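Visitor: Sequence:
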Amino acid sequence: MKRGLMRSLFEERYRYGISRLLGERYRYGISGLLGERYRYGISGLPGEAYRHGISRVCAAALMLCGSILLTGCHGSEGMRSFAVPEEFDLSREYEVTFWAKNDTNKNQTAIYEKAIADFEDLYPNITVNLRLYTDYGKIYNDVITNIATNTTPNVCITYPDHIATYLTGGNLVVPLDELFADERYGSGGSEVRFDAPRAEEIIPKFLEECSFGGHYYAMPYMRSTEACYVNKTYVEAMGYTLPETLTWDFVWEVSEAAMAMDGEENYLVNGQSVMIPFIYKSTDNMMIQMLRQKEAGYSTETGEIEIFNDTTEELLYTIAEHAKNGAFSTFKISSYPANFFNAGQCIFAVDSTAGATWMGTDAPLSDISEDKIVKFETVVMPIPQFDPMHPKMISQGPSVCIFNKENPQEVLASWLFAQYLLTNEVQIAYAGTEGYVPVTSKAQESEEYRAYLAACGEDEAHYEVKIEAAGLLLDHMEDTFVTPVFNGSASLRDAAGQMIENTVKSVRRKQTVDDAYMEELYADVSSLYRLDQIERQNGMTSGRSDLGKLPRTAVILLASLGVAWGMILLYVGAGIVRKKRKGV
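Going by my numbering, 593 is the number at position 94 of the sequence shown; the sequence numbering is gapless.
By construction, these hints were calculated from the structure, which means they are not laboratory data. In this text the structure is predicted, and so the values were computed from the model without any measurement. Where a beta carbon is used, it is the ideal one built from N, C-alpha and C, also for glycine. Wrong hints could be hidden among the right ones.
What the hints assert, rightly or not - Quick list of the computed label-pair ranges, beta carbon to beta carbon: (1) 803 to 1065: 47 to 53 Å; (2) 793 to 582: 45 to 51 Å; (3) 823 to 945: 46 to 52 Å; (4) 645 to 823: 26 to 32 Å; (5) 645 to 812: 26 to 32 Å; (6) 812 to 952: 32 to 38 Å; (7) 689 to 635: 53 to 59 Å.
To be verified - Below, in silico cross-link-like pairs of lysine-lysine (BS3-like), each with a Cα-Cα straight-line distance of 30 Å or less: (8) 874 to 637; (9) 831 to 731; (10) 780 to 637; (11) 704 to 1004; (12) 731 to 637; (13) 823 to 1009.
Based on the provided sequences and hints, a complete structural model is requested.
Guide: In structure tokens, the structure reads:
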């Protein structure tokens, strides 16, 4: 394990307390490491002298342990680099742990389970164990925790920003370049027992999103973007006509107009006491896309932080102005945009195209009771733009990475399963659960997928809003972008959204948002997400450099620890012998 990994683990968890790494009981004393009785002496052993003597030695030894955790791993080489075996050993059995996200969508769960069963029929010697999550952040946190204990999954649905943090450890994530190219077991290889897509059949733009540090560390699994789901009925009722491309000015203007109320404090547009005209689900995406549309700084490819600029401040002032009277809010502050949208209490709801089945009057997965649903016409449009002639929107969606293990045969088994997730059977079925788009040309150009798109609106399986959301991405693939990936890019993304969240909360609390506020906001967010440390880290190191042999001080610490524990064992042993002799 390299020092960079330990630093990243501690920085990622610092906000939640060191107890998340060393165990809950760490907060209550070192007894969580040696057992509850340590605080009171180890009863039944040498007695009072032991408690006042040997306990000090134990404490010193444990302090040495802590030092070594932070410094002694400096020169470790980590796990051996993976090399593709010449032959997959079918005589041995393998277990592959697969962590995935399913959005609480039962159809997605069923597809994963069927994919696993079909794959296991093809490879009876491979057992795939599925663990489902409802949040990518929880997968990320669990992977970071399990890195320290070398218990990562074999295959993981994740995001490139997260993989960049995983890569700070030595050879933890398998680079896929050689696997892609292997003639026998690579993409569509001769020894693969199913119709896998070749590497060139993965949509190049999507595959490139998984390339950083000179290697492919993941394969795209599904792709989506953000859409603005619009209540066209209400827009037209207020006398507006939807433009071909939404602009921020149009959305802000209509949102402000929708705040008009009657004498009984009901909103004129819906006749209800609740109306939040514009709700944004993912404020990190909101800030990132606004900055890209304005061609303003976010970060460089090498990890230099550029987000604290005049354009960011200008955008925050605009957001504050519209949040002040309730015309704008966020998911974290108000709840899911779909719930307000379907109840006729929101006009512009921005969410992922992968959330389309929750959106609209006839949404199959609507979370509100039927009596709360309001009838209106839903239109799926790209997110608002500053320059309608040159639209820009983010490309997002899960990717698949493979974690390295000591046994290369186990890694090869993992790779075979990961490939199976890109077959037409899985790609088309999973894309049909939401407004996702398959990541291979093989699937996109298949008759089955084209028939699926053509059946738009025919029944619930072909819910119109869902298929229109997928079509939005298919029509705008060349207008999408991704942000730079580096160790810490996940924290920068969180910081981008946090600035919007803090600003909206502040104006709702009647706080003054001015230059002094912005200066303090920048400082607070930078400190919370340790952006200055990320910048120094990426400026000091490039990639996972070899840190060399353990320094002499670390060797001395290790030797001292061995001697200390040896003395403890001798002392304890002598005490037990003396006690037995006295009892004779």
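Visitor: Indicate, hint by hint, whether the structure satisfies it.
Guide: A quick look at each hint next to the structure:
no.	hint	verdict
1	803 to 1065: 47 to 53 Å	49 Å, holds
2	793 to 582: 45 to 51 Å	46 Å, holds
3	823 to 945: 46 to 52 Å	50 Å, holds
4	645 to 823: 26 to 32 Å	44 Å, violated
5	645 to 812: 26 to 32 Å	40 Å, violated
6	812 to 952: 32 to 38 Å	43 Å, violated
7	689 to 635: 53 to 59 Å	35 Å, violated
8	874 to 637	36 Å, violated
9	831 to 731	25 Å, holds
10	780 to 637	18 Å, holds
11	704 to 1004	37 Å, violated
12	731 to 637	36 Å, violated
13	823 to 1009	8 Å, holds
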